[in-house]
Each structure stands twice: as structure tokens, then as C-alpha cells.
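J.: Chains as they are written, first to last, in this note's numbering: chain C, 1 to 131; chain X, 132 to 262; chain P, 263 to 393.
FYI, nobody ran anything at the bench for these hints, they're computed from the structure. Note that the structure is a prediction, hence the values are computed from the model and not measured. The hints are all genuine.
Calculated from the model, a selection of chain C residues having no Cβ within reach of chain P, i.e. all distances over 10 Å:
1) S13
2) Y32
3) G33
4) D64
5) G74
6) W76
7) G98
8) S124
9) Y125
If we take Cβ atoms under 10 Å as the criterion, some of the chain P residues that face chain C in the derived model are:
10) I279
11) S283
12) Q303
13) P372
14) D376
Ideal placement from N, C-alpha and C gives every residue a C-beta, glycine not left out.
Chain by chain, the residues:
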Amino acid sequence: MPLVRISLIKGKSSEHIRAISDGVHRGLMEAYGAPADDRFQLVHQHAPDELIYDPDYLGLHRTDDLVIINIVAGNWRETPQKKALYRAITDNLVANPGLRPEDVLIVLSPNGRDEWSFGNGLASYVEDDAA
Amino acid sequence: MPLVRISLIKGKSSEHIRAISDGVHRGLMEAYGAPADDRFQLVHQHAPDELIYDPDYLGLHRTDDLVIINIVAGNWRETPQKKALYRAITDNLVANPGLRPEDVLIVLSPNGRDEWSFGNGLASYVEDDAA
Amino acid sequence: MPLVRISLIKGKSSEHIRAISDGVHRGLMEAYGAPADDRFQLVHQHAPDELIYDPDYLGLHRTDDLVIINIVAGNWRETPQKKALYRAITDNLVANPGLRPEDVLIVLSPNGRDEWSFGNGLASYVEDDAA
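Construct all of the structure, not just a fragment, from the sequences and the given hints.
T.: Spelled out as C-alpha cells, the structure:
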């Protein structure tokens, strides 16, 4: 279900980006119970002046390694599960590709069960419901 | 009203992309009653390793022709109308540019009537409301 | 808190884009009370055929200077504050870089307090809540 947009400053290796992609997806599997094959991610690489960030907001020091992860995900999770997701993704990206935990910024964008069509024109998660 | 983001792997012709753009917009007109001139779309073309998808999630086989369509649209539609939208867009893209129906992935991102400003600094859909 | 995506047709100067970035952020400070250091923005520059817009929807004439500003922002603002935001951002961009007010299009995408992690794997705005 999640649709993930990963934004970072261009210039990183393919291995670096792949590790981020993998770590985000593993975090979704660990904390949200996302199936291994429920993986849809878009990577946006920006010139330095196209990714504008504050280096110290909330007292956390950020660098040009910052990754902004915007996840469209169903609105039926509660706060504890969201907290678990932040921890899981951040831990994964610290382990590989070795990001500083301050450089992992995650924003969730909620939607509903009937707002996903994974192909064939079906409302994938509510197709059997009366409608 | 809708703001549409169309993401695909780069390398397609302008005609191919234009057909997708047209088919998505016609689907919004058909199923949501969007006016013909209510058309605002952003196309994001990604390198192959920047658009990561599972080729078989939910038993639907996807290819590199996959198009991920993320539509910010008002939250006042009910499920039947959303289902009609998925069918309309997918049918249109199968007809032209000839996509496989499994290669059309649609995600809706809801917002409210007061969350649109189409110019001049106005809240276009609620400007006459008391506020 | 806001995560801002600024989309425009490529070919503008760095100064032009920087003025847009500054004006959007100042608008968020003025109307939403966003802290000066709560600034996270992504700029997407598109080829002309990748940014598709209607030149006259709702009777407002738009040009290739159009800027589409999509802001993920907390869902706790009321309509008057959103209206103030549209006015503030648009006024700022008219002043600098000198955009026509019809060429400023703003779309808000709401989310919740527990949907932001600004680093360290924390749910930045609800970390102290019981959960």
C-alpha cells in the first residue's frame, strides 16, 4: 500500500540510494506489516539548491546527506505504529548506508482504503465491498 | 480541482506521455465531472532505478511501462465514484497509448474544499463563505 | 512542519527560484506562524510538456511563469488561516520575483501531528505524548 517518495541531493551512488530504498521498505514491513511485495517507490534527485532544508530545526543538526521520505499510507494506523515506523526506518538507514539519524526526515500523508488502485482499474482494497 | 502527478520511467515518446496525460484528464471528466479546463498535471520521468515497483503485487503482473498516477483530489467523493475513476482512467490508457491495465497504478490523496488556491491568492472554492 | 513542493517550468534563474522559495516560506511564517527555521522545500523543474496547466480555469489567465506550490501541512488550521496563507504567499511572490498573481497556484495536503519525524526516528510533535 505505501507509495514512497524519496528525495535527496544528487551525487550519491546507486548503492547508497538502493540502501535507502531497501531500508525504507524494510521499515514498512517491520512496523506496518507491509508485505514484501508491496513496494512502490519514487526517487527524486535534486540539485543542491532544489532541496532546501534547515540545518538545525528542533535542535537536530542536518547535513547534505539529508533524505526526505514522504510516504502516502493508509490512515488507519495509530500513533504508536507510526512511532515504530520512524524508529525502524531510521535505524535501518543508520545501519546502511550509514546515515546520521538526524538526516532522516519522514513525513506521512494519509489516505483511505478506497484510494488505491494497483492495476486493472480495481479499487484494490475494497473491491469486494458493496458499492 | 485535481492536481495530478504522473510518474513513469523515462524513454517514452512525447506522444505516449501526452496520451497518458489526456486519458487521465478525460477519466477525471468522466467519473468526477471535472470541467475540461480544470487540468493541472505534473509529469515526473525517472531513471529505471528511481522508479521501484513490485512486478507482481496482488497477483497483477507489471512491466516497465508502469505509470504511477497520484491525484490530489477533494475528499468529498464516495467509494463508487472513486471506483468509476479507476475504471475510466484505466480504460482510457488501455485504449491510448495502449497500456496493459496492470500497468496503471492510481493513488488518491484527499484534501478539503478550502485547500485550493487557483490564483490571485483566493481560496477558490470557498471564497464566498463566511470566514 | 510544512513540507513544500515547488513545481515550475525549467529555464528560470537561480535568483527567481530562490525568491519563490523565500516568499513561500515567509508566507508560512506570516500566516501559519511557522518558525523561521522550520523550512523544508523541494523544487521540481519540469520541461514545458511536463507541466500541464489550463491557461484560463476559473477565469484567471495563467502563463508559463506558473508556479504550483503543494504544501503538506498539519490539518489543524481553519479556513481563515488558510486564506491568509494564500494571500501572504501570493503577495510575496508578486513582490518578488514579480509573478503575476494569477500564476501562483497553491494546493494544501493535510496530515496529522503524529505524521512528522524531523530526525532521530522521533515523532517530533507528539514524542512526549503517552503512546
